[in-house]
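Chemist: Heads up: the protein sequence lines correspond to chains A and B, in order. Once you know that position 145 of the first sequence is 145 in full-length UniProt numbering, the rest is easy, because the numbers rise by one and skip nothing. Once you know that position 195 of the second sequence is 195 in full-length UniProt numbering, the rest is easy, because the numbers rise by one and skip nothing.
Some hints here could point you the wrong way.
Which bits of chain A does chain B cover? Going by a derived footprint, with three or more residues having C-beta under 8 Å, they are [what the hints assert, rightly or not]:
id : stretch
1  : 62-75
2  : 85-93
3  : 102-111
4  : 166-172
5  : 200-207
Quick caveat, the hints were computed from the structure, so don't treat them as lab data. Backbone N, C-alpha and C fix where the C-beta goes; we use that ideal spot for every residue, glycine too.
There are 2 protein chains.
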Amino acid sequence: MQGTRQPADTYPPTGRTVPTRSPDRAAYDKELVHAILDEGYVCHLGFVRDGAPVVLPTLYARVGERLYVHGSTGSRPLRAAGQAGPGLPVCLTVTHVDGLVLARSAFHHSVNYRSVVVHGAAYDVTDPEEKRQALDALVDHVVPGRAADSRPADKKELAATAVIRLDLREVSAKLRTGGVNDEPEDLALPHWAGVLPLRKGYDAPVADPGLAPGTALPGYLAAL
Amino acid sequence: MQGTRQPADTYPPTGRTVPTRSPDRAAYDKELVHAILDEGYVCHLGFVRDGAPVVLPTLYARVGERLYVHGSTGSRPLRAAGQAGPGLPVCLTVTHVDGLVLARSAFHHSVNYRSVVVHGAAYDVTDPEEKRQALDALVDHVVPGRAADSRPADKKELAATAVIRLDLREVSAKLRTGGVNDEPEDLALPHWAGVLPLRKGYDAPVADPGLAPGTALPGYLAAL
Chain A
1 MQGTRQPADT
11 YPPTGRTVPT
21 RSPDRAAYDK
31 ELVHAILDEG
41 YVCHLGFVRD
51 GAPVVLPTLY
61 ARVGERLYVH
71 GSTGSRPLRA
81 AGQAGPGLPV
91 CLTVTHVDGL
101 VLARSAFHHS
111 VNYRSVVVHG
121 AAYDVTDPEE
131 KRQALDALVD
141 HVVPGRAADS
151 RPADKKELAA
161 TAVIRLDLRE
171 VSAKLRTGGV
181 NDEPEDLALP
191 HWAGVLPLRK
201 GYDAPVADPG
211 LAPGTALPGY
221 LAAL
Chain B
1 MQGTRQPADT
11 YPPTGRTVPT
21 RSPDRAAYDK
31 ELVHAILDEG
41 YVCHLGFVRD
51 GAPVVLPTLY
61 ARVGERLYVH
71 GSTGSRPLRA
81 AGQAGPGLPV
91 CLTVTHVDGL
101 VLARSAFHHS
111 VNYRSVVVHG
121 AAYDVTDPEE
131 KRQALDALVD
141 HVVPGRAADS
151 RPADKKELAA
161 TAVIRLDLRE
171 VSAKLRTGGV
181 NDEPEDLALP
191 HWAGVLPLRK
201 GYDAPVADPG
211 LAPGTALPGY
221 LAAL
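The following block holds chain A by itself, in its conformation from the complex (with noise of 0.2 Å):
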């Protein structure tokens, strides 16, 4: 890229943001993490119960620099983040595997990723704007364009659904790429070596069979 990297263009490094292990594979760029995030869609968020830590899968979405997550206002992460005033401390990870990278030595097996991990104090979202916002966000990260083509939540669904928020601000990306790293002295080892990619996509679409006469699959599902 041309120019010199601006501070505003990186989440500043914080202790726990700087791995202890592989630091050099730690990125702070904020197109990078936003690439990151924007390609997944299921996270897994981490937030302490009675002491004890909890991971749970789940949507997300990325609006600007915040994140937003939803689930029933019965679900206990979103119920605490609404009942604790300062924010439910949190972390919310991204994985994506792209390959299985298979060295000749068993100590360079590895895998290809980019991680993104952010951390810091989930809140209830309570503005019915930016809920209703979050909401299309959450439809549209899953499959772009598909909020717009279904019918919105109504009142009793709004009600029924809690939005928590997470700012990007600690946050950092992790990623391994590239091909293997034996040691020289295994190079003449008859093992085969390499990286087996991960296949991504989807098979075809299965309609439901109930689907109004006349309903075609619509293009932005036709292209993924």
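Based on the hints, put chain B in the right spot on chain A.
Modeler: Coordinates of chain B only, in the frame set by chain A:
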């Protein structure tokens, strides 16, 4: 299945393994839990540091009723597990996303998934034989048959690698399968509805450019 399920076939539910939301999606069957765990190799490991949650992606393997995670002896959770006398409280979560469920209403959009959440204490594995078996299991868990087809870790590599163990005791699976659950009054809406199944597998292996002459792709990789 024939016969009556025995208590030994299930993990006893506890306060934290019974979800407050969609309890009908929770399962405690050992066979099902093992199958979900064995199908994946990347988990999200949660622990508490300075009172705040941390969630990191890492490889894992199952050996019977034990899970193993490995890492550098310098990595924070592994170091913490080694130092914690009563074990480091962790939550280890494995998630497979199987499909996107696109409903006519935004509210009923969902994801087909299978996840396992394990709560417990992680202990540093100090027995050399258990450690060696765990490391073999970690390699074989990613690619079955690979441990025997790579150079085993030497003394120095073993010393640089920490392995922690988490027993399968407080465990639950959670899953959503099937199609769209729209409200009856939405069925006539003109929106396409159905399931987009995720495609899984690998693209063609990319061999390391420096393979020893005559090294062919082994059968266990070609089969993937």
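Chemist: Each hint needs a verdict: does it hold in this structure or not?
Modeler: Quick rundown of the hints versus the structure:
For the stretch 62-75 of chain A, the assignment as covered by chain B holds, since 4 residues bring a beta-carbon within under 8 Å of that chain's beta-carbons and 3 suffice. Here the stretch 85-93 of chain A counts 5 residues with a CB under 8 Å from a CB of chain B, which clears the bar of 3, and the coverage holds. Given as covered by chain B, the stretch 102-111 of chain A passes the check, having 8 residues with a CB less than 8 Å from a CB of that chain where 3 are the minimum. Using a Cβ-Cβ cut-off of 8 Å, 0 residues of the stretch 166-172 of chain A lie near chain B, which falls short of the minimum of three, so the contact claim is violated.
Residue count for the stretch 200-207 of chain A with a Cβ under 8 Å from a Cβ of chain B: 8. That meets the three needed, and the coverage hint holds.
Hint check: a violation occurs at hint 4 only; the rest are consistent with the structure.
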